[in-house]
Amino acid sequence: MKAAVFDYIRADSLGHVLTLLNEVGADAKLIAGGQSLVPMMAMRFARPSLLIDINRLSDLKNIEERNGFFRIGACVRQVEVEVSKQISEGLPLLSKAMKWVGHAQTRNRGTIGGSVAYADPSAELPLASAVLGASMHLESEGEGRRVVIADDFFLGPMSTSINETECLIDIDFPVWQGKRIGSAFLEVAMRKGDFAMASAACQLQLNADQSVSKISIGLGGVDGFPKVFTRLAGQAIGQRLNSDLAKEIANSAASECDPGGDIHVSAKFRRNLAIVLLERAMIEAVADAAKAG
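Quick note on this note's numbering: the sequence shown kicks off at 1 and runs consecutively.
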């Protein structure tokens with residue numbers, strides 16, 4: 001099948017993009033890498049009347065380390081984040097998540113903003129963004145710029161709080177400060193590079209006595225959007241996070257999810273898989289933090 005007929009404009013500035021979005025609205029789609037949008041158009045699940053190419057927008061291609069966070073432009077290629085030493089040191093969870101994203105070929109073309117805006121519930125970057133508490137910067141011609149935290153950004157499968165006249169500009173990822181910080185990102189798919197049946201992410205920080213001082217955990221692929229479990233993670237604060245406690249937290253987290261079944265796996269299998277992955281992610285993060293200390 002081929003895509004439905006559409007017009008194509010290569011934008012030369014952010015102002016140009018925002019004007020076009022304001023004029024065309026929901027019938028316009030932005031394209032930078034096209035790794036998600038083009039297959040959707042080929043299957044006619046997406047039928048934009050106008051495709052706006054934003055690849056020339058150099059101001060959306062920066063990675064900046066600021067006071068306490070990294071600001072990553074929406075058009076930064078995934079491979080740039082994958083190979084960045086700055087990111088691996090300051091945002092180790094994001095760096096680890098990148099290795100699970102698609103294939104080397106797609107990471108060369110796909111963008112950070114494209115994956116986050118597409119909001120596939122099985123995708124790695126939305127989960128990492130949610131667990132790290134990222135903030136999305138959105139801009140429109142009429143309303144200017146606004147910032148949306150990850151908790152409010154992901155609304156459901158392929159659904160976000162981006163309005164039809166807005167463009168995702170960049171994403172701020174907080175950098176945890178101090179020592180003994182560990183992280184882990186795990187997933188299971190039918191084949192490497194396929195959509196995850198379930199994924200789990202954990203980042204934590206240990207005290208000198210190996211008890212947990214800070215922790216964030218999340219699951220992907222088991223609900224309509226990435227799930228972060230702040231209340232459940234709080235059970236680990238001040239405790240040594242062993243297998244028993246990790247399993248208890250993972251069981252409670254999975255019980256708060258609504259996984260669907262498909263031709264590959266049942267909802268029950270997906271929930272059980274989430275429990276195993278989240279438990280392992282927490283234990284691996286503890287080991288990683290202990291090694292870092």
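You may find that some hints are simply not true.
Claimed, not checked - In silico DSSO-like pairs for lysine-lysine, Cα to Cα no more than 27 Å straight-line: (1) Lys85 - Lys247; (2) Lys268 - Lys85; (3) Lys85 - Lys192; (4) Lys179 - Lys99; (5) Lys85 - Lys179; (6) Lys2 - Lys99; (7) Lys214 - Lys247; (8) Lys268 - Lys192; (9) Lys99 - Lys85.
To be verified - Beta-carbon label-pair distances, calculated as ranges: (10) Asn251 - Asp194: 53 to 59 Å; (11) Lys179 - Asp12: 42 to 48 Å; (12) Gly142 - Ser58: 43 to 49 Å; (13) Asn272 - Lys2: 36 to 42 Å; (14) Gly261 - Ala42: 23 to 29 Å.
Don't read these hints as lab results, they were simulated from the structure. In this text the structure is predicted, and so the values were computed from the model without any measurement. C-beta atoms are modelled at their ideal positions from N, C-alpha and C, and glycine is treated no differently.
Consistency of the hints with the structure:
1. Lys85 - Lys247: Outside the cut-off at roughly 33 Å; violated.
2. Lys268 - Lys85: violated (39 Å)
3. Lys85 - Lys192: Holds - the C-alpha atoms of Lys192 and Lys85 are around 24 Å apart, at most 27 Å.
4. Lys179 - Lys99: Status holds; Cα separation ~24 Å.
5. Lys85 - Lys179: Distance ~18 Å between Lys85 and Lys179 Cα, so the pair holds.
6. Lys2 - Lys99: violated (31 Å)
7. Lys214 - Lys247: This hinted pair holds, its Cα atoms lying about 18 Å apart.
8. Lys268 - Lys192: holds (22 Å)
9. Lys99 - Lys85: holds (14 Å)
10. Asn251 - Asp194: 53 to 59 Å: violated (26 Å)
11. Lys179 - Asp12: 42 to 48 Å: holds (46 Å)
12. Gly142 - Ser58: 43 to 49 Å: Violated: the Cβ-Cβ distance is about 24 Å, outside 43 to 49 Å.
13. Asn272 - Lys2: 36 to 42 Å: With a Cβ separation near 40 Å, Asn272 and Lys2 satisfy 36 to 42 Å, so the hint holds.
14. Gly261 - Ala42: 23 to 29 Å: holds (26 Å)
Violation of the numbered hints given earlier is confined to hints 1, 2, 6, 10, 12; the remaining hints are satisfied by the structure.
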